[in-house]
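All chains should be modelled from the sequences, with the hints used to inform the complete structure.
Quick mapping for you: the protein sequence lines, in order, are chains A and B. Under this note's numbering, the first sequence has 44 at position 44, and the numbering climbs by one with no breaks. Under this note's numbering, the second sequence has 28 at position 28, and the numbering climbs by one with no breaks.
Just so you know, the hints here were simulated from the structure itself, not pulled from any lab data. A couple of the hints might just be wrong.
To be verified - Distance windows between CB atoms, simulated: (1) Gly30(A) with Lys186(B): 26 to 36 Å; (2) Gly30(A) with Arg163(B): 31 to 41 Å; (3) Ser3(A) with Thr207(B): 42 to 52 Å; (4) Arg474(B) with Asp18(A): 36 to 46 Å; (5) Asp573(B) with Arg68(A): 52 to 62 Å; (6) Val267(B) with Asp18(A): 25 to 35 Å; (7) Glu568(B) with Asp119(A): 19 to 29 Å; (8) Ala120(A) with Asp107(B): 44 to 54 Å; (9) Arg293(B) with Ser63(A): 38 to 48 Å; (10) Asp494(B) with Asp119(A): 33 to 43 Å.
Said to hold, decoys possible - Below, a list of computed lysine to any residue pairs in the SDA-like style, where the Cα atoms sit at most 25 Å apart: (11) Lys606(B) with Glu123(A); (12) Lys666(B) with Leu86(A); (13) Lys53(A) with Leu706(B); (14) Lys666(B) with Thr118(A); (15) Lys543(B) with Leu495(B); (16) Lys666(B) with Thr113(A); (17) Lys644(B) with Glu123(A); (18) Lys644(B) with Ala120(A); (19) Lys606(B) with Thr118(A).
Claimed, not checked - Computed far set for chain A versus chain B, every beta-carbon distance over 10 Å: (20) Thr10; (21) Val55; (22) Gly67.
Idealized CB from N, CA, C, for every residue including glycine.
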Amino acid sequence: MISVTLNGETLEFDLDPDTPLLWVLRDHLGLTGTKYGCGEGECGACIVHLDDKPVNACITPLSEASGRSVKTIEGLSPDGRHPLQLAWIIEEVPQCGYCQSGQLMTAAALLATHPRPTDAQIETAMSEVICRCGSYNRIRRAILRASNPEAQNG
Amino acid sequence: MADSDAQLRLSRRALLRVAAASGGGLALGILFPAQAETSAPDQPQQDDGPETLAPNAWIRIHRDGGIQLVVARSEMGQGVTTSLAMLLAEELEVGLDQIRVEQAPVDAAYINHLLGEQATGESTSIRDAWLVLREAGAVARQLLITAAAAIWSVPESRCEARRGVIHLLDDQRSLSYAELAATAAKLPLPALPALKPSGTWSLIGTTQRRIDAPDKVLGAARFGLDVRLPEMLYASIARCDLIGGHITNWRENATRAIPGVLNVFAVRYGIAVIAESSWAALRGRETLEITTRPSTNLAADTQRIRNRLRIALKGRAAVAYKKGDVSAALNASPHQIESIYEVPFQAHACMEPMNCTADVRRDHCDLYVPTQSQARARATAQRITGLPADRIAVHTTFLGNGFERRREQDFIVDAVELSKELKRPVQVIWTREDDLRHDFFRPMSLHRLRGGIDAEGRLTAWFHRVAGPSVLARIAPDQITNGVDPFMMAGATDLPYSVAHRRVEYRRADTPVPIGLWPGGGQGHNIFATECFLDELAHIAGKDPLQLRRDHLTDRPRLLNLLNRAAEEADWDNPPAPGRGRGIALMEAFGSLIAAIAEVSIEETKVRVRRVICAVDCGQAVNPEIVRAQIESGIAFGLTSALKGEITLTKGRVDQSTLRDYPLLKANEMPDVTIHLVKSDAEPGGVSGLASPLMAPAVANALFSLTGEPVRSLPIRLG
Numbered sequence: 001m002i003s004v005t006l007n008g009e010t011l012e013f014d015l016d017p018d019t020p021l022l023w024v025l026r027d028h029l030g031l032t033g034t035k036y037g038c039g040e041g042e043c044g045a046c047i048v049h050l051d052d053k054p055v056n057a058c059i060t061p062l063s064e065a066s067g068r069s070v071k072t073i074e075g076l077s078p079d080g081r082h083p084l085q086l087a088w089i090i091e092e093v094p095q096c097g098y099c100q101s102g103q104l105m106t107a108a109a110l111l112a113t114h115p116r117p118t119d120a121q122i123e124t125a126m127s128e129v130i131c132r133c134g135s136y137n138r139i140r141r142a143i144l145r146a147s148n149p150e151a152q153n154g
Numbered sequence: 001m002a003d004s005d006a007q008l009r010l011s012r013r014a015l016l017r018v019a020a021a022s023g024g025g026l027a028l029g030i031l032f033p034a035q036a037e038t039s040a041p042d043q044p045q046q047d048d049g050p051e052t053l054a055p056n057a058w059i060r061i062h063r064d065g066g067i068q069l070v071v072a073r074s075e076m077g078q079g080v081t082t083s084l085a086m087l088l089a090e091e092l093e094v095g096l097d098q099i100r101v102e103q104a105p106v107d108a109a110y111i112n113h114l115l116g117e118q119a120t121g122e123s124t125s126i127r128d129a130w131l132v133l134r135e136a137g138a139v140a141r142q143l144l145i146t147a148a149a150a151i152w153s154v155p156e157s158r159c160e161a162r163r164g165v166i167h168l169l170d171d172q173r174s175l176s177y178a179e180l181a182a183t184a185a186k187l188p189l190p191a192l193p194a195l196k197p198s199g200t201w202s203l204i205g206t207t208q209r210r211i212d213a214p215d216k217v218l219g220a221a222r223f224g225l226d227v228r229l230p231e232m233l234y235a236s237i238a239r240c241d242l243i244g245g246h247i248t249n250w251r252e253n254a255t256r257a258i259p260g261v262l263n264v265f266a267v268r269y270g271i272a273v274i275a276e277s278s279w280a281a282l283r284g285r286e287t288l289e290i291t292t293r294p295s296t297n298l299a300a301d302t303q304r305i306r307n308r309l310r311i312a313l314k315g316r317a318a319v320a321y322k323k324g325d326v327s328a329a330l331n332a333s334p335h336q337i338e339s340i341y342e343v344p345f346q347a348h349a350c351m352e353p354m355n356c357t358a359d360v361r362r363d364h365c366d367l368y369v370p371t372q373s374q375a376r377a378r379a380t381a382q383r384i385t386g387l388p389a390d391r392i393a394v395h396t397t398f399l400g401n402g403f404e405r406r407r408e409q410d411f412i413v414d415a416v417e418l419s420k421e422l423k424r425p426v427q428v429i430w431t432r433e434d435d436l437r438h439d440f441f442r443p444m445s446l447h448r449l450r451g452g453i454d455a456e457g458r459l460t461a462w463f464h465r466v467a468g469p470s471v472l473a474r475i476a477p478d479q480i481t482n483g484v485d486p487f488m489m490a491g492a493t494d495l496p497y498s499v500a501h502r503r504v505e506y507r508r509a510d511t512p513v514p515i516g517l518w519p520g521g522g523q524g525h526n527i528f529a530t531e532c533f534l535d536e537l538a539h540i541a542g543k544d545p546l547q548l549r550r551d552h553l554t555d556r557p558r559l560l561n562l563l564n565r566a567a568e569e570a571d572w573d574n575p576p577a578p579g580r581g582r583g584i585a586l587m588e589a590f591g592s593l594i595a596a597i598a599e600v601s602i603e604e605t606k607v608r609v610r611r612v613i614c615a616v617d618c619g620q621a622v623n624p625e626i627v628r629a630q631i632e633s634g635i636a637f638g639l640t641s642a643l644k645g646e647i648t649l650t651k652g653r654v655d656q657s658t659l660r661d662y663p664l665l666k667a668n669e670m671p672d673v674t675i676h677l678v679k680s681d682a683e684p685g686g687v688s689g690l691a692s693p694l695m696a697p698a699v700a701n702a703l704f705s706l707t708g709e710p711v712r713s714l715p716i717r718l719g
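Next comes the structure, spelled out in C-alpha cells:
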C-alpha cells in the first residue's frame, strides 16, 4: 500500500508503484484536470505539486509520492477563487484550455516561493509549460495581476 | 442491455451534476453525455414540449426560465462558443449571464455553408454565422413580443425586449421570456424581422468574457481524453512507422503479461492493445515487438522529395493566373532576379493528442470526440457500423487544439472499429509519438519566383511557380480546376500588389507522405515566398521595402491603410535599435486583412523575435478581446513554424517523434505583441490563423535587413 495525501485527503493505493502519478490521477481517481500531453516531461500539461514543488506527473512514479503531499488543479483552491484563477479569467488567458491546469499549477508554485515575481522569474518558471495557443503574454499579465493585491479584482 | 443503460444514465446524471456544480453560475454547455439521455440520439438535450419555445435549431426557451443556446461549431480555443452565443443573444435580447450553451448534435440545420458540411475550420465560423444566427435570435424575439402584445392586447410597438423580459412601454407591466414561452410556442413563425441596427448593439463589438474560461481554470472542462463511461476500455494502437509499409508480425507475450492488459489484436491501422486503464494500454503497446516490411516505394525520403520538387520547378505547369506578358516584361527590365524558396513538412502537434471514445451497441452508436467535423465523424461511424445515420450521435467535447488536424477521421476509425469488435465503450489514446509520426502533415513546397524592376524602382513583372503535392486531391478533388489546387495556391494567385505583367503557376508534384490542411491555409507557404521575394526585389532596387509595398497597393486602400498603421506603430521611419532588424509582411485572407512587422535580434546563434506589431482589419469585430487573442495565437503558431518545426523523412520513416526533436514555441520565446484593431463596419472576416502566415516572412525579412543574407527556407536557421 502506498499512502499519499492528495488535495488534503490521505489516500491508500494498492497499485504498481511504477505507475506514473498522472495515470493514478486520471485513471484511478477520475481527476482529469491534469492532462496528458507528451508522457515525457516535455510539455508541462501534467504539472502538479509534490510537496508544493511543481513536477511533471507523467514522469513521477507513484512510489515517489509515497508519504508526501500532492496537489492538483482540483485542489488549487476550495472555491475556484485562487487569485491566479480569478486573474486568469480577467486577463482572458485560456483559449483551448488544454495546458491551463499545468500553467496554473506552475504559476501557483512560483507565487508560493516568489510572491512578487520579476518578469525574468516568471519567464523562467513558465517556460516549463507549452501553450500551443500562445497565451504566454496573458499568462504573464495574469501572474503580475495575481501577485499585486491592488490589481486583483480588475 | 437494460441494466447497462440504466447504469449509463445514472453516471451521466452524476457527470451533469459535477459539471453544473463546477460552472459557477454559468454552466457551460459542453455536457457531452446529455444528448444521449433522450431516446433519439440526435435530438437536443431537453424535450421540446409544447411549452418550450423552440423556433429554430439554436434557441430553446423553457418555461422554467432556462434559456439554452446551441453552438454548432467546435471550441478549440478560438472562442467560438462565446462569439456565436453573442450573435444569438444580441438579437434575442438576453445577456450572456442568462444563458446556457450547448454543443449541437449532427443536423442539417447546422451546416457550415462555407465548408459545405457541419464542420469547423478555415476561419469560417463567424462569416458563416453572421446573418444566420442573428436572424435566429431575431425570430425568437419577435415571437416573444407578439405573445406579450397579445396577452396585453396592445400593439407590438409598445413592447420592448430587454434582458430576457418583455416590457410594456409607459407601463409597469412586464413578462419574462419564461412566462411567455408557452404562448409564443403556439404562434406561427413570423416573416423575418428586421435585425438590430449596429448603433443599438449591446453585445456585438464589446468584450464579453469567455463563457468557457471558468471551467478551464478549474480543470473541469471536458476534453476528449477526459471522457469516462461505465465499462469503458482504453486502447493504444501501434501503427507501422514506415510510410506505405506493413506490420508483418508481432510478439505480444510481454504485453499480455502486463496487469490490466486485456487483449491484443490487429485492426485496420495497426496492432491494438486493449486495457483497463490508459497506462496499461500505453505500457502494453510499448512492449509489443513489431516486425515491419517497408514499402517497395522508397520515395518517402526528404532528400528524394526535394529533388523531385526541384525538377517540378521547371517544365510544364498549370496556369493559375495570367496578366500581360511576363517573359517580355522580364527581358525588358533593367533589374531581374530569380529566387527559390522552400517550405518543409510540418506537424500540427495539437496539445491534446488525437483520441476518440466510441460506444457501439447493436442499435446505436455514440461518439464522444474532439472533432472539427461532426458530419464526417457520423459518416465514418455509419460506414463502419452499418447503422442508419439517425442512430449515431456525435457528442463534441472541447478540443485541445484543432489546427485542421481534427477534420481527419483516422482516430475516429480506430475507436469505432474497436468498440464494434469489443461491444463496449472504448477510448483510443494516441501517444505524442503517434501524433507526430502519423499526422497529415503540412505539405512541403518549393517556390520559384522571378521579378523585374524598372529604372524608377517599380515592379514590372512577377512570376511565381509553386511546386508541391495537392492537398485537395484527397480532401476535395472537385475543387481542383484546370490542374490548380486552390489550397496550394491561396495567397499566390491573389497577390495583393498590382503588377502590370504577372503569371502564377502550379505544378502538382505529389509526395508519398500524408498531407492535409494547415491553419492559415496555403497562404502559409505562399506568403512566405512572395513577401520575402518582395524584400529581395526592394533590396536590388535600393528601395525601402515599405515604400515598394506602398507603391503597388495604391488600388488597395484598406490594405495600404493597415500597412501605414503598422509602420507608424513600429516607428518605421526611424532606424531600429542597434542589433535589431525589422521586417514587414501583409496579406488578405478569410475576409480579413492584416499587416505585421517583426523586430528581431540575434543572440549568440539564435534568432530572437523581440516584438511583433500587427494592424488588423477584420471588419466588425464581434468580440474584440477574442480577436486579439486569436491574433496572438496566430503569432505563436506562425513563429513555431517559422523558427522551430521541421518534419523530415529517412527511408520512409518520420525522423521526429518527441517534442525534443519537434520543439514548440515556449514562454521565453514569445515576443511582445502590439495589436491595432482597425474599426470597421464591414462584415466580419475570419481571424483564426490570420497572423500565422505572416510570421515566417516578417521574421525572415527582419533578418535579411540585419544580416544582408536573404532567408529562403524554413525553419529559419542562421549561417
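Exercise. Quick check: which numbered hints come out false for this structure?
Worked result: Checked against the structure, the hints that fail are numbers 1 and 13, while the rest are satisfied.
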